[in-house]
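These protein sequence lines map, in sequence, to chains H and U. Going by full-length UniProt numbering, the first residue of the first sequence is number 1, and it counts up by one from there. Going by full-length UniProt numbering, the first residue of the second sequence is number 1, and it counts up by one from there.
Any given hint could turn out to be false.
[What the hints assert, rightly or not] Here are the simulated lysine-lysine pairs, PhoX-like style, with alpha carbons at most 20 angstroms apart:
#, chain 1, residue 1, chain 2, residue 2
1, H, K478, H, K237
2, H, K106, U, K347
3, H, K116, U, K351
4, U, K81, H, K116
5, H, K81, U, K106
6, H, K347, H, K11
7, H, K61, U, K347
8, U, K81, U, K91
9, H, K91, U, K116
10, U, K237, U, K478
11, U, K402, U, K347
12, U, K11, U, K237
13, H, K106, U, K116
14, H, K347, U, K347
15, H, K81, H, K91
16, U, K475, U, K237
17, H, K237, H, K81
18, H, K116, U, K116
19, H, K402, H, K347
[As the list claims (entries may be wrong)] Stretch-level coverage of chain U by chain H, calculated; a stretch enters the list once three of its residues show a Cβ under 8 angstroms from a Cβ in chain H:
#, segment
20, 59 to 68
21, 106 to 113
22, 130 to 138
23, 148 to 157
24, 431 to 443
Simulated from the structure, these hints should not be mistaken for laboratory data. Each residue gets a CB set at the ideal place from its N, CA and C atoms; glycine is no exception.
Number of protein chains: 2
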Amino acid sequence: MSAIRHALSVKREDDFAQWYQEVVSEAEMAEDSGVRGCMVIKPWGYGIWERIQRRMDDRIKAAGVQNCYFPLFIPLSYFAKEADHVEGFAKEMAVVTHHRLIAGEKGGLVPDPEAKLEEPLVVRPTSETVIGAAMARWVQSWRDLPLMVNQWANVVRWEMRTRMFLRTAEFLWQEGHTAHADRADAMIETLRALEMYRDFAETELAMPVMTGEKPENERFPGAVATYSIEAMMQDGKALQAGTSHYLGTGFAEAAGIQYQDREGGQQYAHTTSWGVSTRMIGGLIMTHGDDDGLRVPPMVAPHQIVILPMLRDTPEDDALLAYCEDLRRALAAQQACGEPVRVLLDKRPGKATQKRWAWVKKGVPLILEIGGRDAAGGMVSMLRRDRLWNEAAKANFVALAKDDFTARAAGELEDIQTSLYAEAAARRDANIAPIADFAALEAFFAEDQRYPGWAEVIWSRPSGDDLEAVVQRLKALKLTIRNTPLDGEAVTGSCVFTGQPGVERIYVARSY
Amino acid sequence: MSAIRHALSVKREDDFAQWYQEVVSEAEMAEDSGVRGCMVIKPWGYGIWERIQRRMDDRIKAAGVQNCYFPLFIPLSYFAKEADHVEGFAKEMAVVTHHRLIAGEKGGLVPDPEAKLEEPLVVRPTSETVIGAAMARWVQSWRDLPLMVNQWANVVRWEMRTRMFLRTAEFLWQEGHTAHADRADAMIETLRALEMYRDFAETELAMPVMTGEKPENERFPGAVATYSIEAMMQDGKALQAGTSHYLGTGFAEAAGIQYQDREGGQQYAHTTSWGVSTRMIGGLIMTHGDDDGLRVPPMVAPHQIVILPMLRDTPEDDALLAYCEDLRRALAAQQACGEPVRVLLDKRPGKATQKRWAWVKKGVPLILEIGGRDAAGGMVSMLRRDRLWNEAAKANFVALAKDDFTARAAGELEDIQTSLYAEAAARRDANIAPIADFAALEAFFAEDQRYPGWAEVIWSRPSGDDLEAVVQRLKALKLTIRNTPLDGEAVTGSCVFTGQPGVERIYVARSY
Numbered sequence: 001m002s003a004i005r006h007a008l009s010v011k012r013e014d015d016f017a018q019w020y021q022e023v024v025s026e027a028e029m030a031e032d033s034g035v036r037g038c039m040v041i042k043p044w045g046y047g048i049w050e051r052i053q054r055r056m057d058d059r060i061k062a063a064g065v066q067n068c069y070f071p072l073f074i075p076l077s078y079f080a081k082e083a084d085h086v087e088g089f090a091k092e093m094a095v096v097t098h099h100r101l102i103a104g105e106k107g108g109l110v111p112d113p114e115a116k117l118e119e120p121l122v123v124r125p126t127s128e129t130v131i132g133a134a135m136a137r138w139v140q141s142w143r144d145l146p147l148m149v150n151q152w153a154n155v156v157r158w159e160m161r162t163r164m165f166l167r168t169a170e171f172l173w174q175e176g177h178t179a180h181a182d183r184a185d186a187m188i189e190t191l192r193a194l195e196m197y198r199d200f201a202e203t204e205l206a207m208p209v210m211t212g213e214k215p216e217n218e219r220f221p222g223a224v225a226t227y228s229i230e231a232m233m234q235d236g237k238a239l240q241a242g243t244s245h246y247l248g249t250g251f252a253e254a255a256g257i258q259y260q261d262r263e264g265g266q267q268y269a270h271t272t273s274w275g276v277s278t279r280m281i282g283g284l285i286m287t288h289g290d291d292d293g294l295r296v297p298p299m300v301a302p303h304q305i306v307i308l309p310m311l312r313d314t315p316e317d318d319a320l321l322a323y324c325e326d327l328r329r330a331l332a333a334q335q336a337c338g339e340p341v342r343v344l345l346d347k348r349p350g351k352a353t354q355k356r357w358a359w360v361k362k363g364v365p366l367i368l369e370i371g372g373r374d375a376a377g378g379m380v381s382m383l384r385r386d387r388l389w390n391e392a393a394k395a396n397f398v399a400l401a402k403d404d405f406t407a408r409a410a411g412e413l414e415d416i417q418t419s420l421y422a423e424a425a426a427r428r429d430a431n432i433a434p435i436a437d438f439a440a441l442e443a444f445f446a447e448d449q450r451y452p453g454w455a456e457v458i459w460s461r462p463s464g465d466d467l468e469a470v471v472q473r474l475k476a477l478k479l480t481i482r483n484t485p486l487d488g489e490a491v492t493g494s495c496v497f498t499g500q501p502g503v504e505r506i507y508v509a510r511s512y
Numbered sequence: 001m002s003a004i005r006h007a008l009s010v011k012r013e014d015d016f017a018q019w020y021q022e023v024v025s026e027a028e029m030a031e032d033s034g035v036r037g038c039m040v041i042k043p044w045g046y047g048i049w050e051r052i053q054r055r056m057d058d059r060i061k062a063a064g065v066q067n068c069y070f071p072l073f074i075p076l077s078y079f080a081k082e083a084d085h086v087e088g089f090a091k092e093m094a095v096v097t098h099h100r101l102i103a104g105e106k107g108g109l110v111p112d113p114e115a116k117l118e119e120p121l122v123v124r125p126t127s128e129t130v131i132g133a134a135m136a137r138w139v140q141s142w143r144d145l146p147l148m149v150n151q152w153a154n155v156v157r158w159e160m161r162t163r164m165f166l167r168t169a170e171f172l173w174q175e176g177h178t179a180h181a182d183r184a185d186a187m188i189e190t191l192r193a194l195e196m197y198r199d200f201a202e203t204e205l206a207m208p209v210m211t212g213e214k215p216e217n218e219r220f221p222g223a224v225a226t227y228s229i230e231a232m233m234q235d236g237k238a239l240q241a242g243t244s245h246y247l248g249t250g251f252a253e254a255a256g257i258q259y260q261d262r263e264g265g266q267q268y269a270h271t272t273s274w275g276v277s278t279r280m281i282g283g284l285i286m287t288h289g290d291d292d293g294l295r296v297p298p299m300v301a302p303h304q305i306v307i308l309p310m311l312r313d314t315p316e317d318d319a320l321l322a323y324c325e326d327l328r329r330a331l332a333a334q335q336a337c338g339e340p341v342r343v344l345l346d347k348r349p350g351k352a353t354q355k356r357w358a359w360v361k362k363g364v365p366l367i368l369e370i371g372g373r374d375a376a377g378g379m380v381s382m383l384r385r386d387r388l389w390n391e392a393a394k395a396n397f398v399a400l401a402k403d404d405f406t407a408r409a410a411g412e413l414e415d416i417q418t419s420l421y422a423e424a425a426a427r428r429d430a431n432i433a434p435i436a437d438f439a440a441l442e443a444f445f446a447e448d449q450r451y452p453g454w455a456e457v458i459w460s461r462p463s464g465d466d467l468e469a470v471v472q473r474l475k476a477l478k479l480t481i482r483n484t485p486l487d488g489e490a491v492t493g494s495c496v497f498t499g500q501p502g503v504e505r506i507y508v509a510r511s512y
């Protein structure tokens, strides 16, 4: 084994942003497409997204939500009905104005002036308006409620500064939209979705998160309340990894989602929406990546185990491959994390060490290297990606009898899942500091290049101009309020911003 | 049981087009979205699409093709590189010209003139150009070939006349794109994809198809050869339900997909592309629907079995529901068509007969009605949707002991799948007529309101102007050439169009 300590050219502690880009590239997750702000998601990155989709979709369906598909395009008139909503999104939307091209006078193609749309269409940045129009057709009576739909779709927000997975002009997501008879029922659904996201992030992505309510200045445009899951990245910054919104009756009034109640009266429905996106993959990278590349939690790894035969281009290769194929079949018949084990026998030509490094960078949970002598002796050599490396690199490979490994493969995968979560949770917990006054907050975040983590502070929950003053003070420190925990824990102490009696805790952090 | 013979207001034989719209609506498959040419795919329709996706995706992955995701937007300059391609598509594309909206002078929102894109973006009608650009980055050496990728995505073609599922401005599809070292390898892949589609259509959709090559005038813009699967609808018209294209080196030359061969020379790759879309659902409706609505083949049915308890709002309902839940659990533990049985216990309030008709119209393969007496006696009452109705309607319900039904449920589902195929294949075979001369062809298609099926004729495979003359003669009869079978069967006889010696058979039909 080569003695390379780090497979990447940049370490996390030296330049986290550069390290992130290198992992995205070296793990072959995604690349720039040449189309402004849009990425190409490559097979390894898309394979992780497919795993996320499959497992999240199971949860969504289990909650009684039905998948549908709604149009990519939204007529301007739909969009303009909800004033706050359009104010929040109008600055960053792709607008379709023509439906045909013709040859231009200077060569090339230009939009055909004869084929100008009477009403321009917006490429959906989110679908409340167009789904609201459908709900208005579908909801007549209280018997039609709750109405719960979801779609897996692409959306476009014209971001000026983009970063792979974290902020791209086009991204993939799911958006759940529900309509309810009253506030109480809608709030239950809003919080159910939030809890689904928390459990998904922690269970499937092994990414600990804080659930809570966003402050009023960070609400989704048009929402009455916005809740989020917030994850701590390894640079101490916060990533909003999923949101759930209680929309009140505002969107129902704009779209006309009305129902006849049990007494025969006409009522507006209370709606919610909630979504997670390919951004989660950025969170996964910045939670679990190390200086050798990505580490993918087994539950969302496209391959959980890769078998690497040490091929030598000799006749003995046949016996080695037969041994590996036998092992592959035995592993594929096992169950881990409630599903069949996903195992790949990598028979491609190429040097074994190069292939090993490619899989280390991609973060496949378990790598099995098998040479001719292993095959002859009924052995495998196992590398656990979450434990790479210690000082004596070779010790990372554990020699095991083939049948012993087969019997414990599922246990190893489940242990990796648990270990990755424990490691991230310990780091997160060690990097949240309770801070009692504004001066201490300034001191905590004083060093500009490194982020110490999150501050947990007590505040008086100001609103309007008072909140805006707090937001501006934080902005000067490049900080934002992440969310207010929902645990309802009583607080004692005064607000770090206003000095008034504190009412709740909030997390304050730098963020993506 | 109500004695209604037909659940729809229109019969197929009276107005097939109207019948189709009514099935789409009454089976709650899709509806008009209010956005020009775009539909909302509702839960039952989308559930069928999810089944199609899942099973097609398994086949695509089994062939070694990797899923990726490429941008929605294509810069005009990419698109303009392949001359035939742009010629074929430029007339029907949505063009994004601005990235921001502002308040208009007359109120409302308008595209911000300050935010006009320097280069307009096209909403992808298909992705050869943008995927070609990625392939040009990914392919350097012969070792990188074949390169085989696929994406599940939405695409937009600005169709003037749209029909749900069959032709919509936005539709969902998968598009496979592959690059190969030479023509031979690319042709193998082109035909592999075609055969995958044939087998999928016949196995999963129970929809018999004819595979063959399209005539030169019907080729995909820029393709060297286009192959299709063609299905016969119940009105005798043909539906192109999937295509596979050998693109030669044209797209590789436009995008610069070059590789170094084993001798060190630079070569252009040979590329292919192939796709199926939500159009398949239109084909499924027009293949299997009857005068009571849709009949969904079990392999793609979101629910294969629906249990309908005859609830009476009395205390006895509890025992009935317990009995039904027990049955549901026993059925869900069975396997049919290689997967766990998908069974729904429909506990919603409402009249049992109304609920039954809703499921009949949706085409769920098996309906189980269970009343209090059935529950007490350990019985179920089974309705096979493919056999609805005979003269004595009540005879359609078969009374079975619960355990007997559980034991034979998988067999019933598999038999329904087979029966639907056999019924469609028999109809198709009975409605293809060999026709020997043009006068007979005219006579065969003379009646304008009803379509007798397809004509199988011999031709001399003219090209260029000679082909165009044939196309125009057929167009006068509202006919098109569907495809040339690939069976390579020798033909004897002369061309029905030119009188020259025939070289192959073609299918001629009216079409969607």
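Now the hints, each set against the structure:
1. H:K478 to H:K237: Status holds; Cα separation ~11 angstroms.
2. H:K106 to U:K347: The hint is violated at about 66 angstroms.
3. H:K116 to U:K351: Given that 20 angstroms is the threshold and the Cα spacing comes to 50 angstroms, the pair is violated.
4. U:K81 to H:K116: Violated - the C-alpha atoms of K116 of chain H and K81 of chain U are around 24 angstroms apart, more than 20 angstroms.
5. H:K81 to U:K106: Holds: K81 of chain H and K106 of chain U sit about 16 angstroms apart, inside 20 angstroms.
6. H:K347 to H:K11: Distance ~31 angstroms between K347 of chain H and K11 of chain H Cα, so the pair is violated.
7. H:K61 to U:K347: 17 angstroms, holds
8. U:K81 to U:K91: Measuring from Cα to Cα gives roughly 16 angstroms; hence the hint holds.
9. H:K91 to U:K116: 13 angstroms, holds
10. U:K237 to U:K478: Holds, because 11 angstroms separates the two Cα atoms, which is no more than 20 angstroms.
11. U:K402 to U:K347: 19 angstroms, holds
12. U:K11 to U:K237: At roughly 17 angstroms apart (the allowed maximum being 20 angstroms), K237 of chain U and K11 of chain U satisfy the hint.
13. H:K106 to U:K116: Distance ~19 angstroms between K106 of chain H and K116 of chain U Cα, so the pair holds.
14. H:K347 to U:K347: Judged against 20 angstroms, a Cα distance of about 52 angstroms means the pair is violated.
15. H:K81 to H:K91: OK: K81 of chain H and K91 of chain H at ~16 angstroms, within 20 angstroms.
16. U:K475 to U:K237: 14 angstroms, holds
17. H:K237 to H:K81: 36 angstroms, violated
18. H:K116 to U:K116: Roughly 15 angstroms between the alpha carbons, so the hint for K116 of chain H and K116 of chain U holds.
19. H:K402 to H:K347: 19 angstroms, holds
20. 59 to 68: holds (count 3)
21. 106 to 113: Three-residue rule met by the segment 106 to 113 of chain U, so holds; n is 4.
22. 130 to 138: holds (count 4)
23. 148 to 157: Three-residue rule met by the segment 148 to 157 of chain U, so holds; n is 4.
24. 431 to 443: n = 0 at 8 angstroms, threshold three: violated.
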